[in-house]
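Engineer: Now for the letters of each chain:
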Amino acid sequence: MAALPKRIVKETERLSKEPVPGISAVPHDDNLRYFDVTIDGPSQSPYEGGLFRLELFLPDDYPMTPPKVRFLTKIYHPNIDRLGRICLDVLKSNWSPALQIRTILLSIQALLGAPNPDDPLANDVAQAWKEDQSKAIETAKQWTAQHAARPTA
Amino acid sequence: MKFGQVFKEALRNEGFPPEWISSAISYSQLKKCINRLTAELAQVGLDPVTLEKLLRHVEDYNKSAEASTADEEFRPFEYILSDGERGEGGKKKVFRPKLLFYVEEATGALHSAKLDKETREKLQMLAVETGMSDLRVYEEEESDGKGGAADGKESNGHANGNGARSHSPSLCAIEVPLTSDTEFFTKLTTQLSSLEALQLKEEKRMHTEIEDLGRQIARFTDPDRKANKKLLAVWRQIFQLYLEEAVFFGTTERDHSAHGAEKATTRFNEFCVKIKETGLVGKIKKREQMEALETFMHINKEILQGLRFGEINHTAMSKILKKFDKRTALSIKPHLPPTLTYPQFSQHLAKAVCAEVNTQILSHVPQIDDYSCPMCMDIKWRPVKLGCGHTFCIRCLIVMQTRKQNRCPLCREKCVEKANSDNLDLELADFLKKWFPEEVRQKQKYNELMAGVDAYGEVYKEKCAVM
Ligand SMILES: [Zn+2]
Ligand SMILES: [Zn+2]
Chain X
1 MAALPKRIVK ETERLSKEPV PGISAVPHDD NLRYFDVTID GPSQSPYEGG LFRLELFLPD
61 DYPMTPPKVR FLTKIYHPNI DRLGRICLDV LKSNWSPALQ IRTILLSIQA LLGAPNPDDP
121 LANDVAQAWK EDQSKAIETA KQWTAQHAAR PTA
Chain F
1 MKFGQVFKEA LRNEGFPPEW ISSAISYSQL KKCINRLTAE LAQVGLDPVT LEKLLRHVED
61 YNKSAEASTA DEEFRPFEYI LSDGERGEGG KKKVFRPKLL FYVEEATGAL HSAKLDKETR
121 EKLQMLAVET GMSDLRVYEE EESDGKGGAA DGKESNGHAN GNGARSHSPS LCAIEVPLTS
181 DTEFFTKLTT QLSSLEALQL KEEKRMHTEI EDLGRQIARF TDPDRKANKK LLAVWRQIFQ
241 LYLEEAVFFG TTERDHSAHG AEKATTRFNE FCVKIKETGL VGKIKKREQM EALETFMHIN
301 KEILQGLRFG EINHTAMSKI LKKFDKRTAL SIKPHLPPTL TYPQFSQHLA KAVCAEVNTQ
361 ILSHVPQIDD YSCPMCMDIK WRPVKLGCGH TFCIRCLIVM QTRKQNRCPL CREKCVEKAN
421 SDNLDLELAD FLKKWFPEEV RQKQKYNELM AGVDAYGEVY KEKCAVM
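One line per chain: the protein sequences are X and F, in this order. Residue numbers are given in the numbering used here: position 39 of the first sequence equals residue 39, and the series is strictly consecutive. Residue numbers are given in the numbering used here: position 396 of the second sequence equals residue 396, and the series is strictly consecutive.
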């Protein structure tokens with residue numbers, strides 16, 4: 001396998017040296033382009049208290065193309081579908097090679113704090129969200145408690 | 001151990017210069033003032049428990065007296081803090097607080113259910129002794145200087161509370177003759193201003209020291225001098241480690257704050273260990289340069305010492321004011337005038353000196369992070385400036401052009417395709433070659449390798465690696 005580009009080395013270093021609050025991203029030993037990610041549910045959101053696991057992969061042509069990110073933890077959110085795929089502009093058309101892993105993860109954390117049912121990926125969830133927001137938030141809270149509970153140490 | 005003792009030992013044992021020690025808050029002298037004041041108050045029957053019950057309020061210098069709540073029982077005492085800023089002719093008067101109590105003008109009777117017999121007698125004696133026609137008597141109604149000609153301070157200070165007071169206008173105020181409180185505040189004020197003067201002096205001295213060192217470092221690291229070639233990289237790495245350690249101020253998203261002496265000391269020690277362990281110190285062989293490094297360390301130690309000195313003095317001041325309140329019940333601590341607040345000695349000095357270190361010393365040695373390409377995070381070699389003004393390395397822009405990505409990664413302006421050899425930033429290229437010769441060489445090699453891969457495919461890379 002080709003040597004790891006300097007950029008990925010630097011990003012990884014900084015992620016471990018100055019971690020973003022509420023976010024962790026650790027590369028696999030055997031594949032330094034593949035990261036195990038966790039994001040804390042933002043406070044004052046239906047995901048508060050939850051710990052969400054994601055996977056993040058840097059394709060060969062990163063940073064020309066965006067990282068591939070997916071939720072592993074089940075989550076009830078209008079912009080995240082059943083397979084954990086995320087509808088976020090900076091992961092698609094609005095990607096720029098000057099963005100980084102940390103900025104992308106911050107955007108995802110922000111998306112948890114501000115669900116946007118008008119730009120849905122999970123159509124059924126978005127529909128439910130629009131029809132009865134408080135009920136949808138209740139469901140999101142239940143899912144968080146059920147699927148995103150922190151491992152009790 | 002008592003604080004007085006701790007403070008004394010800190011001053012004695014932590015290697016502060018004698019001049020600093022003599023400018024420090026003299027905790028034990030101030031404590032003696034408080035003892036004398038307590039004695040003075042006791043003489044008129046005002047032990048802290050008694051006085052606390054009698055004291056209406058301390059006139060707050062910072063805001064006008066609060067209207068006392070209606071159900072509150074009349075308390076015949078007040079303590080007026082005025083720093084004399086309103087003195088005539090713009091002259092600053094000495095800070096002189098006054099403890100006043102109110103008696104009925106006609107009879108000299110003191111009204112308060114909370115007074116025990118003995119204290120009441122003592123105070124009434126005092127009122128009689130002082131004589132109600134004496135200058136120390138304060139008219140309750142505004143009386144513009146009447147009877148106040150002698151020292152002109154009578155109507156100052158408590159006039160603003162008049163509207164709120166509902167008690168009989170026939171009361172008049174008597175001052176409890178205290179001298180130790182004035183002595184206390186005079187001492188404290190003097191000490192604070194000498195601390196401030198010391199700070200200014202130290203700042204000036206260190207300014208010169210830092211400037212000199214800056215000139216020296218500039219000479220050692222001048223990339224135009226051949227002899228400097230190797231040491232330039234060493235100095236750069238030393239300063240890079242120094243910046244990364246963020247000794248005095250946090251530089252991360254989480255921590256922007258100024259560090260206290262303890263944290264800063266820990267960080268500085270870590271820096272010292274790192275430059276030794278990485279062998280950087282050992283690489284500096286010339287005596288002159290070794291001495292410069294020592295001066296740099298010394299300046300840092302002086303800042304640390306300044307921080308620590310400021311902190312212990314701040315603690316001393318806050319403890320002595322607490323003691324004042326506890327032993328006298330005069331509750332001055334929350335009400336002090338601005339001239340008596342602690343002059344951010346430590347933080348201010350550290351901030352000023354750190355800024356100097358940055359502009360005078362560190363700036364002589366450019367850091368690679370300031371010249372890295374936002375895309376590959378390697379050195380911007382060769383630098384190409386897009387129409388929008390943003391600069392990237394040529395390799396990244398070639399990749400973008402090949403992929404027909406036209407937007408600038410930083411501002412999204414459509415200007416990538418237009419870029420050509422006219423966009424090379426020659427001035428920056430010269431600068432980079434001069435300051436980062438090794439990094440430029442490596443990046444150049446990498447760029448050439450990748451150009452080969454573009455032309456001949458991945459095979460090219462393998463062939464090269466064999467060679
Ligand atoms: Zn680049
Ligand atoms: Zn731009």
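For the record, the hints were derived by calculation from the structure and aren't laboratory data. Every residue gets a Cβ at the ideal spot worked out from N, C-alpha and C, and that includes glycine. Heads up, some of the hints might be wrong.
Claimed, not checked - In silico DSS-like cross-links for lysine-lysine, where the CA-CA straight-line distance does not exceed 27 Å: (1) F:333 with X:92; (2) X:68 with F:204; (3) F:333 with F:323; (4) F:351 with F:204; (5) F:351 with X:6; (6) X:10 with F:274; (7) X:6 with F:229; (8) F:385 with F:434; (9) F:434 with X:92.
Said to hold, decoys possible - Covered stretches of chain F, as calculated for chain X (at least 3 residues, CB under 8 Å): (10) 189-196; (11) 216-222; (12) 372-379.
Engineer: Residue count check for the stretch 189-196 of chain F against chain X: does it reach three with CB-CB under 8 Å?
Structural biologist: Coverage by chain X is violated here, the residue count being 0 at a Cβ distance below 8 Å.
Engineer: Checking one constraint from the list: CA of residue 385 of chain F to CA of residue 434 of chain F, max 27 Å. Satisfied?
Structural biologist: Holds: residue 385 of chain F and residue 434 of chain F sit about 19 Å apart, inside 27 Å.
Engineer: For the stretch 216-222 of chain F, does the count of residues with a C-beta closer than 8 Å to a C-beta of chain X reach 3?
Structural biologist: Since 0 is below three, the answer is violated.
Engineer: Need the status of pair residue 6 of chain X, residue 229 of chain F: alpha-carbon distance at most 27 Å?
Structural biologist: holds (25 Å)
Engineer: Given the hinted pair residue 68 of chain X and residue 204 of chain F, is their alpha-carbon gap at most 27 Å?
Structural biologist: It is violated: about 55 Å lies between the C-alpha atoms, which goes past 27 Å.
Engineer: So if I understand the rule, the pair passes when the alpha-carbon distance is 27 Å or less; does residue 10 of chain X with residue 274 of chain F pass?
Structural biologist: holds (20 Å)
Engineer: With a C-beta cutoff of 8 Å, work out whether three or more residues of the stretch 372-379 of chain F approach chain X closely enough for the coverage to hold.
Structural biologist: holds (count 5)
Engineer: Tell me if the straight-line CA distance from residue 351 of chain F to residue 204 of chain F falls inside 27 Å.
Structural biologist: OK: residue 351 of chain F and residue 204 of chain F at ~13 Å, within 27 Å.
Engineer: Taking only the CA atoms, is the gap from residue 333 of chain F to residue 92 of chain X under or equal to 27 Å?
Structural biologist: At roughly 60 Å apart (the allowed maximum being 27 Å), residue 92 of chain X and residue 333 of chain F break the hint.
Engineer: Can the restraint linking residue 351 of chain F and residue 6 of chain X be considered satisfied, given a maximum Cα separation of 27 Å?
Structural biologist: Roughly 35 Å between the alpha carbons, so the hint for residue 351 of chain F and residue 6 of chain X is violated.
Engineer: Take a quick look at whether residue 333 of chain F and residue 323 of chain F sit within 27 Å of each other, Cα to Cα.
Structural biologist: It holds: about 10 Å lies between the C-alpha atoms, which stays within 27 Å.
Engineer: Going straight from one Cα to the other, do residue 434 of chain F and residue 92 of chain X come out at no more than 27 Å?
Structural biologist: Measuring from Cα to Cα gives roughly 40 Å; hence the hint is violated.
Figure legend: structure checked against the earlier numbered hints; hints not met, in rising order: 1, 2, 5, 9, 10 and 11.
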